[in-house]
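Chains as they are written, first to last, in the numbering used here: chain A, 1 to 425; chain B, 1 to 153.
None of these hints come from the bench; they were simulated from the model. C-beta atoms are modelled at their ideal positions from N, C-alpha and C, and glycine is treated no differently. Accuracy of the hints is not assured; some may be wrong.
Computed footprint of chain B on chain A; a stretch qualifies when at least three of its residues, placed anywhere within it, have a C-beta under 8 Å from a C-beta of chain B [stated by the list, open to error]:
#: 1; stretch: 9-17
#: 2; stretch: 30-44
#: 3; stretch: 59-67
#: 4; stretch: 236-244
#: 5; stretch: 269-277
#: 6; stretch: 361-374
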Amino acid sequence: MTAALFLLFGLLLVAGMPVAFALAASGFSFLLILNGSGALAALPTIAYDSLNSFTFTAIPLYILMANVLIQSEIGRDLYRMIQDWVGHWPGGLAIATVLFCAGFSAISGSSVATAATVGMLSIPEMLRAGYDRRFVFGLVAAGGTLGILIPPSLFMILYAALTDESAGKLFIAGVVPGLLLTVLFLAYAVFFSWRRGYRGGERASWQRRFTSTRRALWGASLPVIVVGGIYTGAFTATEAAAVGALLSLVLAALLGRLTGPAIRQILLDTVKTTSMIFLIIVAAILFGHVVTLLKLPQVMITALAVSGVGPLTFILAVCMIFLFLGDFLEVVSITLITLPIIYPVLKTMQIDPIWFAVIMTIMMEFALITPPVGLNLFVISGLQPGTTWEEVFRGTLPFMILMAIALALVIAFPPLSTWLPRYVR
Amino acid sequence: MIDRWLERLALLGGVLLVAVGGLISYEVVARYLFNAPTTWILDVSIYLTMWATFLAAGHTLRAGAHIRMDLYVRRLAPRVRRRTDVIVALVALAFSALLTWQGLQSIVDAVRLGEVTLSTIRVPLWVPLAAIPTGGLILVAGWLLCLRDRRIP
Chain A
1 MTAALFLLFG
11 LLLVAGMPVA
21 FALAASGFSF
31 LLILNGSGAL
41 AALPTIAYDS
51 LNSFTFTAIP
61 LYILMANVLI
71 QSEIGRDLYR
81 MIQDWVGHWP
91 GGLAIATVLF
101 CAGFSAISGS
111 SVATAATVGM
121 LSIPEMLRAG
131 YDRRFVFGLV
141 AAGGTLGILI
151 PPSLFMILYA
161 ALTDESAGKL
171 FIAGVVPGLL
181 LTVLFLAYAV
191 FFSWRRGYRG
201 GERASWQRRF
211 TSTRRALWGA
221 SLPVIVVGGI
231 YTGAFTATEA
241 AAVGALLSLV
251 LAALLGRLTG
261 PAIRQILLDT
271 VKTTSMIFLI
281 IVAAILFGHV
291 VTLLKLPQVM
301 ITALAVSGVG
311 PLTFILAVCM
321 IFLFLGDFLE
331 VVSITLITLP
341 IIYPVLKTMQ
351 IDPIWFAVIM
361 TIMMEFALIT
371 PPVGLNLFVI
381 SGLQPGTTWE
391 EVFRGTLPFM
401 ILMAIALALV
411 IAFPPLSTWL
421 PRYVR
Chain B
1 MIDRWLERLA
11 LLGGVLLVAV
21 GGLISYEVVA
31 RYLFNAPTTW
41 ILDVSIYLTM
51 WATFLAAGHT
61 LRAGAHIRMD
71 LYVRRLAPRV
81 RRRTDVIVAL
91 VALAFSALLT
101 WQGLQSIVDA
111 VRLGEVTLST
121 IRVPLWVPLA
131 AIPTGGLILV
141 AGWLLCLRDR
151 RIP
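Throw the hints in and build the complete structure from the sequences for me.
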């Protein structure tokens with residue numbers, strides 16, 4: 001029965017049905033078989049209950065903030081500033097790209113938005129400067145995945161909504177691992193550029209650095225307010241999202257960049273992404289309902305208890321499952337289907353759920369760059385005409401090794417992710 | 001024509017989301033400055049977000065903003081691809097129609113029983129619940145347009 005459910009879902013997915021509808025249609029068909037006409041009456045209730053969460057309201061607000069900053073070109077200001085400071089170093093454009101990925105991740109909670117924004121600005125420049133195509137695509141596709149590790153993070157909000165963990169603590173837990181991964185990406189970018197002999201651009205004058213820094217400072221102060229507010233306990237993660245979104249609107253208006261077409265674009269882009277994510281949430285909860293009815297969680301937990309595996313084996317096994325699911329599902333559905341099953345096991349095995357959240361985030365980063373449903377691969381190949389996702393995927397391979405190293409470090413040294421959140425008030 | 005209307009509904013949804021940002025920011029101000037946290041903003045934000053999601057559902061579909069695996073269908077011959085898209089659209093249309101119908105039923109029940117939301121402010125349940133059949137209907141329109149074009153954007 002369970003196999004048939006996943007088979008039907010896979011079939012609809014391969015036929016090109018949007019993920020949300022494939023989950024809903026296959027889940028609902030099985031609900032009908034299992035519950036008969038009761039399933040019909042349950043449909044609106046499930047849809048209503050699944051969205052009835054205040055934590056979820058943070059998602060559109062972070063999307064709104066990122067879209068305001070993109071449309072008002074505050075992202076571009078940030079990129080110019082970074083370039084003026086490091087652009088003249090050997091491989092300077094690659095270094096600036098990684099730093100921009102990390103910086104934009106602190107503004108945006110989405111890896112797709114980060115890859116798209118960074119890619120739009122930095123890919124043409126790097127290609128013009130003669131950087132290797134595969135390296136450029138891989139760098140941006142993988143660098144963009146920092147979006148969900150460095151706070152704010154849409155993934156962490158989902159995690160918080162489905163468990164009892166605080167979104168604020170989860171955000172802060174991603175800081176050190178996010179910086180660690182940024183340093184690894186930087187090291188590789190420097191190494192690659194040095195081996196290929198990439199030269200830096202012209203050194204920017206101090207005058208220019210001063211001007212570009214002053215211009216970018218406003219945009220750069222937003223993440224400080226958001227993350228700082230959460231860290232000091234001034235706001236919850238949802239409130240930080242609202243304040244951040246509103247401040248970004250005010251800032252864009254003050255800079256005179258909130259034109260009519262820009263507003264329209266901000267509204268439409270925000271609501272489209274929100275609608276897409278929320279429909280997947282509704283559908284995945286419906287699908288998860290059926291998975292629970294089929295007693296899959298109980299079967300798994302019992303199997304685990306009988307086998308007597310330790311926490312580490314469990315984590316590694318779960319990572320393997322994520323790697324497999326990440327090949328053909330995207331982050332929201334993987335999280336909504338698996339986390340309600342896994343979370344109770346974490347409790348019984350006494351695995352720190354915050355530590356596990358960071359491990360899972362890195363696994364979700366893998367999901368974003370593994371075909372056939374690696375969103376970042378498509379975003380990057382869509383940005384540059386004549387690029388296939390296969391080319392981008394090959395480019396990400398060295399970065400996947402770096403991500404595996406970061407994952408190993410996070411697993412081996414739990415304080416990397418659990419030390420900082422302890423001080424969140 | 002209908003696509004224009006779907007886009008307008010999405011814009012309305014976008015405005016609702018900005019309003020949620022304003023409301024929650026006001027809540028922060030009310031708590032710190034006036035020391036008077038509100039009881040209604042939390043729930044109203046959830047309802048507005050629900051409405052935004054469903055109002056924009058049609059435009060999201062028509063603008064091709066949904067995540068889907070088009071890796072395989074892109075390699076099909078145009079004729080086969082059109083046929084696949086039609087079948088997929090029919091399945092999704094059936095589900096959307098069912099969602100609309102069942103959503104309407106649940107509203108009728110909510111009104112008849114005079115149900116209110118389980119929250120601090122007691123809003124009639126049908127107010128947030130109505131987002132679901134509205135969204136269902138918008139999705140029906142969206143999928144019908146896909147059937148007309150014999151193509152999923």
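Flag every earlier hint the structure violates by its number, smallest first. Of the numbered hints given earlier, the structure breaks none, since each of them holds.
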